[in-house]
Structures are given as structure tokens and as C-alpha cells.
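Enquirer: Read off the chains here:
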Amino acid sequence: MFICFFKNFFFTRTTPLTNPQISGKTRDLATLPPLHWMQSNEETPPIAFSKPNNGDEKNGNKTTKKSFPVLSLNYENVRLPFEISLWVLLASLMKLGFHLMPRLSSIVPESCLLIVVGLLVGGLIKLVGKAPPVLESNIFFFYLLPPIILDAGYFLPIRQFTENLGTILMFAVVGTLWNAFFVGGLLYGVCQLEGTNLAGVNLLSCLLFGSVISAVDPVAVLAVFEEIHINELLHILVFGESLLNDAVTVVLYHLFEEFTNAGTITVTDGFLGIVCFLVVSLGGIVVGAIYGILAAFTSRFTSHTRVIEPLFIFVYSYMAYLSAEVFHLSGIMALIACGAVMRPYVEANISHKSHTTIKYFLKMWSSVSDTLIFIFLGVSTVAGPHEWNWIFVVATLVFCLVARVLGVIGLTFVINKFRIVKLTSKDQFIIAYGGLRGAIAFSLVYLLNPKHFPMRNMFLTAIITVIFFTVFVQGMTIRPLVDLLAVKKKQETKRSINEEIHTQFLDHLLTGIEDICGHYGHHHWKDKLNRFNKKYVKKCLIAGERSKEPQLIAFYHKMEMKQAIELVESGGGSKLPSAMPSTVSMQNIQPKKPPQDRALPQLSKAREEEIRKILRTNLQRTRQRLRSYNRHTLIADPFEDGLDEILIKRKKMKELEKKMNNYLTVPAPPADSPSVARARLASDPQAWGLKSVTEIPTIKVELVSPQNPESVKVVDEFSKKGSQPKGSEEEGGLTMRVPSSEKQRKDKTPDEEPQPRFMRCLSDPGPAAEDEDEDEPFLP
Amino acid sequence: MGASQSGPVHMFQDLAYKTGFSIEQIKNLHNRFIYLTQAEDTLRREHLENVSDLALNPIRRQIIEAFFDKRNMGEKEKGCLQEIGFEEFVTVLSFFRPPKPHTADEEMKNIKKEKLRFLFNMHDTDNDGIITLDEYRRVVEELLSSYEIMGAETAKAITDAAMLEVASVTVGQMGPDEFYEGITFEQFMQILKDVEIETKMNIHFWNLDTRTVQCGK
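Note that the protein sequences, when read in sequence, are chains A and B. Going by UniProt numbering, 194 is the number at position 194 of the first sequence; the sequence numbering is gapless. Going by UniProt numbering, 206 is the number at position 206 of the second sequence; the sequence numbering is gapless.
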């Protein structure tokens, strides 16, 4: 966020007064890593990793006649990457550990536990006698913060965000300003009181401190809110506020820092501050948008180099952040803008695997960053430096809380006049309570120059106290409070096609009504933007035919592909996790009319190819599992959620099958009478004619369960008729989703678009053609 | 409205009471009504079709039809009107009025039901109380009509998938010989219960004069 003037790039293991000896040594290491290894053949530096001085002394001992060292130890070379890796490993192991203890993690949010771990580690290091590392602002702002923000920005729910943008901006801008001045002003008042020896704190320092501490922290908010699953509206309000208040914080920080020396602020400065704010925020957004468009444009051409697609996304986003930082614009807003702008276009262009890669890399990096940040907060607390002043710290805490509550109440009163969906007092409470402070505030104070700010240590202590309070007390109690107040939780429903159709319908309907009423409201502008997007932007930024694809179709295709993948993934036999037992099939819906010619729909070659590839790779996945080291044949795991359920179902099916194999018959399916099965089979036009349709289908003994690693046999299941009732008995009938119901449906509705496509994909002779021959009877 | 007598004002008050709008909002809508009809007494389809912004809307035909649908006027009749007066105009628009704050849950449910009823009527063009496959298909086709390339098969496939979903969710078990007629109103309510219609299907009716362009929200 701010260009640091520190030269060393890693953790300073020093007390605040820098130890010249140590820093000199570390600087050496920083500048000479490549050469160092050549000189160190005969050195044997000590094993303890934090005694940098000793290395120097051994330099003189060079023996001339020494036998060739078979095994030598040189830790100093790898110290930096080694230690970084150790920290990352520690963070990840901690995360692992917490999730192995579900009881603990359900009471205490992860961030608290991590801070405690940090405290312990810091204490340990101090016990050993070394100085624990402090969270360097450089590292924080350049390496730890961007992944989290990018993750948030890329997956930002645009719809809710734009619907509530006015509210979010009010909270972010006006709320933060109010907090800053309230806290800063009152603290100054407290400092002027008799009895406290705080007279040295001038107004500007207090205001600076107030501005830093009043910003709600996105990292902390994410960490806590992710676990409590409140409804989307509240989530986006608090989270959006934490992202957008960055601009305000930047401006206020700079303003007060610049003028601490001058001593006073004039009206011109105030006016310039406002201009600066606009420049910082809008500039950040513009920079982000430019990089976002560049990334989208680049992704248009990556169809031949799919492997490095994710790299473009990450690098462009990081460049956006850094470019914004160069001009002291708001890096966070740049990153958010970049992610949000490029996402719709990039997702239309990149392959399915790249999409998965991006998603997982972002989640992984942000998760590690998040963990590291909290651990280092704990360690930094132990490291110091601290200057405890009861009155100041307590006053800070009290004023922060009071300011937050008053700000939220006041702003909501104003905002509710303009909102359609008003914010209730429950909502207000959650918003106020969710104003957590975190590591950004800490790092900003850490950046302060002690010369200009003699009370820096006191500020640090106060900030750490506030952070601890908000994270521990508010973080831990927010979950029971949410339950107590019965705040609406997030709905975990899968988006159904009906909802999608009606959402689109509503959009158009509301736009139309607005047009009839004659006022240009929210929907009107959104519609205009969409039209502009469709007409000009999409043509540039999306490759090929996808640019003309309407959202409904895209949604439908995505849903289909997902179901097709789920189907293959689950071995086809078991029920999809969210499907309800239902015997409704297409033939129930179609009015009775003579069968029409099967009309194979147009499907773009690229899409077909993609589907085929996905299905093929998934069918062969288990066989190839051990063979793909090659990074060019990374196989995606498209079914992220619910895999456990699928596996459980598979296991159940496997057991069931074992039972059935013993009897060599199929127990009558509970909800599917034999007559129905017969009827279904009878109407099947395909190559089932060989088997007699009157007998109840049997399962051959050699039929392999879905869990068998010979995945090809998975498909065998379907080739034998016996699989039909077996599959259906598990779920009591047909499943509801179209592609899965295809395999069960025996009716011949010719205008089933996904079904012939599916069949075509599987019957396409792929690399293992002989295995897939049997696929044809798989589908009705 | 200096020249207006107590007559229109009385009518406005009645309307305000009936539909829930405020007097200012009714006045604004009246101004808009006069603008649309070019000072005639009744609104006809051509007047609505003249609204230029509406021309780009893919479902404009259904929107216009909704204004002339008798079922939306609160009467029990079915069928279409050829022209409507201001009262019907406001009645139709009242379906889009945001619920007042502090509305009781019961009231909210009623409001939601009314809005869903409006939507249902828009889809059910032959007034038989059921959305058949064809009607639904027409809806999807209209939605996609602004995009050139999509063939009829995709719309059909989407519609089929949607109907299948509705049937599966609402009816559950059906034998292979039974025929699913279409979506009834109860089923419609059931599948859309998660969409939060009562908060989404609203537009802002300003209390100020809407003839000046205003940015919403």
C-alpha cells in the first residue's frame, strides 16, 4: 500500500533500534546470494538459525590442505527461503490442525486461534533468546495482502454489490470519515486532560491515529464472516465497506502524515484532500479496469496455450496493484476493479481447467496469506515494542466502539430513505458489530516514522489492543449472537434454471415498467450497460462464438456440463446429491404428439470438443491417476463440492451391489415397479433389443462396482441393462436433472438436446476407443 | 395541477387508498399517463408501443399485454381490454410498489402472492390457470429473442429442462403414462419461493416530479 523505505526485504529480527551489525549482515545476504555459495565451501556455520554474527568470524579459517568435504553444512545460503517455507508450513499445519478439531473451531473463529498460535511462537522465540520477527509492512502490503484482495475481488458477487453500491459507499466514505474524526478528536481531548502524561500528542497525530484505526479491515471481516454464513446482503455490506474504505484511509493517512510537520491544516488542504480522495479512488479503479481489460483481451488468444492462462490473470492483477501503488493510488480498489472487470470475459474465454486452477490457486494463496497474517500479528505482539498507557488504550477502545455504533445508526437512518429494502435494526447491529479491525491498521502504524511520531509505540500498543479486542471478543461472540438474533442466514440453494429464467425475466420486466413510468432508475441504467456490453465490449474481449451467447444459454450450458461431469464422476449409478427422488420424466411433460424427427442441435465445435475432452479425461481419470506427472496434462477435478457425498453414495452402492451379486437378482426397486421398468425399457429404441424386455434385468457377477479403479468398467454398468433398476432403486426413481435422467429414461423424446450430445461425446472414439465402444448403449 | 377541481383529487385519494401509493406519487403517475396518451382519456396499446425505450425490450409484448389483462385489475373476469383508464394504469403499476417498511409477515406473504400472481398471469396467456409447455417455451424464446444465433432447439431444451425441474420438485412421483399438464399457480409459487419476489419486484416511485430525469436509488 505504501512504498516503504526499508531496504531489507525480509523480517527484521531486531528490536526497533536497528542493530547495525545484524542488519549489515542481512543486507549482505540480500545482495550477494548468488556468490555466497561459492565462497562457503569450507565454512561450517552454526546450525542455530538465528546467529548471523558467527558466520563472519569463521571466514579467516581457511586450511590449505584439507580433504574434500563429502558432507558439509551450509545453512546461511538457504536461510531466507528456508525460513519463509518454515513459516508457511507452520501456518498450513496450524490450519490443518484446527480443522481436525471441529469442536474447537466451532466455538473459536480461526483467526483467534491463529493469533494465539502466533503469541505462542513469538513467546517461544523470545524464550530462546532471539528477537521475534515483526510483521514487516513491506511484506504485508506486497506479498500477503494482494492474494486476499484478489480472491475477494475476483469472486465478488457483482449483482449484490452494484445493487447496494450506494449504501456501501455511504458506509465506506462517510462512515470512515466520521469514525476517524470522532476517535481522533476525542482522543486529543483526552490527551489534553490533566493527569495523563499525554500532552505530547498533538492533534494531527491523534487524527492520524484515528484515521488508521477507524478503517474496517477486509482480512478480518472475511475471516470471521466466512464462518458464520450470514445472508448475502449483510455480508456484502460489511465486506464491501471494508474494501472501499481503503481509499479514504490512504488519503487521510497521507494528509495527516504530510502535515504533521507543518502543524496545521488550512482550508485549502482540506479541499485538496477531497480532490485527492477522488483521484485516489477513481484513479485506482481506472488503473484496475485498464489491467482488467488487458487481461480479458489477452485471454482471448490463449486457446493454444491453455496451461499459462491462470498466470496471465494473476500477473495482470498483481501489476494493477503495483501500478496503483506507484502513484499512491488505492491498490486495493485497483485490484478489486481488475478482478471484477476481467472476470466475465475471462471466464468465457478460458478453459474449464484453467478456471478451476485459478479458483484453487486464489483460494490457496489467500488462505495461506490470511493464516500468516494472523500468526504474525501474534508474533509481533510479543516482539513489541510496547508502551502501555492505560488511559489512552482504554479510551481508544471505547471511542472506537462508540463511534462505530453511532456512525452505523446515523447513516442507516439516512440511507433507509433511499433504499427499497430497508435495513432493520438487527441488520444495523450486525453491521456495527462486524466492524473488525485487523492487520492493515497495524501495518500502517508500524510504517510511521518514530521521529515524527514519538508516540508511535503507544499507538502500536493501542492498535494491537483494539485488534485483539475486535477479533477475539467480537469474532467469538458474533456467531452466537447471529443465532440468538435469528439473523437470516445464507441460503445454500443451487441456482435452478427456473430461477435463472425468472431473474432474467424480472430484469426485463422491471426495466420495461420503469420505461413506461418514465423515470430512469436502477434497472434502466443496468439495462443500458448490458446492451453496451453486448454490442461492443463482448465482441472485443471474448473469443469466437461465445461472445454472442446470452446469459441464459451460458447458464444452461454450464449447468448441463456440470451435471454431465457429475454423472460421470459419480459412476452414473448413484444419485446426485441434490436431486430429489422423482419419477417424472420428459415423457410426462411432453404432450402426446407423434414422434418427430430427431433434430440434432447445433453445437459449436469448440464446446463439443470441450465436453468430449472433459468426459474422456474423467472416464480415464482413475486409470491415469498415477501416470500424469506431466504438467501439460493436469486433470481437473471439476466437482469440488459434494464429492464426499458422491463417494459415500458410491460406497453404499458398492455394498448394495455386493449384496445383490450374491443373489444374482435385482431386488424389486421400491418406487419403480417392474411394469414401469419394463415399460421404460420397452420404449427404448436403441440397441437393447437383444435382451428380452420381459425379464427383470439381472446383474452379472462380473459387474464391477463404481468404486473399482478400473474406471472403464464404470461405464460397463450402464451397458448392461441390469444397471437401470439398480441405479434407480437407489434413488427411488429417476433423478430430476436432465442429463442424469437421460440415462434412466427410456422414452424417446427426440428433441432432447443434451441427450444426443452426450451420447455423441461418449461414442466419439477417443484415445481408448475400445473401452468406449460399450458406451453407446449407455444412453437410451 | 392548479386547475384541477376536487373531482380528480377525490379520485386520487380513492386510488391512493386502494393501491397504497401516496398522493404525490399518484399525481406524478397521472402526469405520466397524460404524457403517454397525449391528453386522451384512455390508454391504448399503441400509446405504450410508442415508448421508445421499450422497443429494445425483448418482452415488451408481454409487458404491454399485462396492462390490458383483466385479471390484473382485481376482477374475476378473464380476457383483455382494448383500452384502459388511469385507474387501471395505476392498479397495474401498484404491483410494483415496494412494500412499506414494518409490514407484518402475513401482509408480506400476501404481497408476495400478488406479485407472483401478476407474473403468472403474464406467462399464462390463454387464461386457463396453467402454464403449459408451449407457453413457457414462448417465454423463453422471447427472452432469447434479442440474441440472433440461438436456434429454436436451445429454447426448447431449456424449457424442457425447466419444466422437468418444476415437475420433479412439485409433483415428485409420476408414472410414465401420466401427463403433467403444466405449472399451476401453487407450483409456480413453490419453485419461486427462494427468489424473494417481494423485495426484487419493485421499482422506485418518486414523490417528486418524474418528468425530470432522475437516477434511481
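In case anyone wonders, no lab produced these hints; they're calculated from the structure. Because the structure is a prediction, the values reported are computed rather than measured. Where hints are given, some of them may not hold.
Stated by the list, open to error - Think about it this way: if two alpha-carbon atoms lie no more than 20 Å apart in a straight line, the pair counts; the simulated DMTMM-like pairs of lysine to aspartate or glutamate are:
no., chain 1, residue 1, chain 2, residue 2
1, B, Lys-156, B, Glu-186
2, B, Lys-200, A, Glu-257
3, B, Lys-112, A, Asp-527
4, B, Lys-100, B, Glu-114
5, B, Lys-78, B, Glu-153
6, B, Lys-70, B, Glu-114
7, A, Lys-539, A, Asp-269
8, A, Lys-534, B, Asp-53
9, A, Lys-558, B, Glu-165
10, A, Lys-489, B, Glu-196
11, A, Lys-422, B, Asp-105
12, B, Lys-18, B, Glu-141
13, B, Lys-200, A, Glu-163
14, A, Lys-534, B, Glu-107
15, B, Lys-78, B, Glu-65
16, A, Lys-562, A, Asp-507
17, A, Lys-526, A, Asp-483
18, B, Lys-193, A, Glu-500
19, A, Lys-488, B, Asp-105
20, B, Lys-113, A, Asp-507
Unchecked claim - Quick list of simulated restraints, FRET-style, between CB atoms:
no., chain 1, residue 1, chain 2, residue 2, range
21, B, Met-11, A, Val-405, 44 to 52 Å
22, B, Lys-113, A, Trp-525, 51 to 59 Å
23, B, Cys-80, A, Leu-282, 48 to 56 Å
24, A, Val-286, B, Glu-107, 40 to 48 Å
25, A, Ile-308, B, Ser-22, 26 to 34 Å
26, A, Arg-159, B, Glu-83, 54 to 62 Å
Ideal placement from N, C-alpha and C gives every residue a C-beta, glycine not left out.
Enquirer: Evaluate each hint against the coordinates.
Expert: Do the hints match the structure? See the list:
| no. | hint | verdict |
| --- | --- | --- |
| 1 | B:Lys-156 <-> B:Glu-186 | 24 Å, violated |
| 2 | B:Lys-200 <-> A:Glu-257 | 45 Å, violated |
| 3 | B:Lys-112 <-> A:Asp-527 | 25 Å, violated |
| 4 | B:Lys-100 <-> B:Glu-114 | 15 Å, holds |
| 5 | B:Lys-78 <-> B:Glu-153 | 32 Å, violated |
| 6 | B:Lys-70 <-> B:Glu-114 | 14 Å, holds |
| 7 | A:Lys-539 <-> A:Asp-269 | 45 Å, violated |
| 8 | A:Lys-534 <-> B:Asp-53 | 17 Å, holds |
| 9 | A:Lys-558 <-> B:Glu-165 | 16 Å, holds |
| 10 | A:Lys-489 <-> B:Glu-196 | 14 Å, holds |
| 11 | A:Lys-422 <-> B:Asp-105 | 15 Å, holds |
| 12 | B:Lys-18 <-> B:Glu-141 | 36 Å, violated |
| 13 | B:Lys-200 <-> A:Glu-163 | 11 Å, holds |
| 14 | A:Lys-534 <-> B:Glu-107 | 40 Å, violated |
| 15 | B:Lys-78 <-> B:Glu-65 | 13 Å, holds |
| 16 | A:Lys-562 <-> A:Asp-507 | 26 Å, violated |
| 17 | A:Lys-526 <-> A:Asp-483 | 36 Å, violated |
| 18 | B:Lys-193 <-> A:Glu-500 | 13 Å, holds |
| 19 | A:Lys-488 <-> B:Asp-105 | 14 Å, holds |
| 20 | B:Lys-113 <-> A:Asp-507 | 19 Å, holds |
| 21 | B:Met-11 <-> A:Val-405: 44 to 52 Å | 47 Å, holds |
| 22 | B:Lys-113 <-> A:Trp-525: 51 to 59 Å | 30 Å, violated |
| 23 | B:Cys-80 <-> A:Leu-282: 48 to 56 Å | 50 Å, holds |
| 24 | A:Val-286 <-> B:Glu-107: 40 to 48 Å | 46 Å, holds |
| 25 | A:Ile-308 <-> B:Ser-22: 26 to 34 Å | 59 Å, violated |
| 26 | A:Arg-159 <-> B:Glu-83: 54 to 62 Å | 38 Å, violated |
When held up to the earlier numbered hints, the structure conflicts with 1, 2, 3, 5, 7, 12, 14, 16, 17, 22, 25, 26 and fits the remainder.
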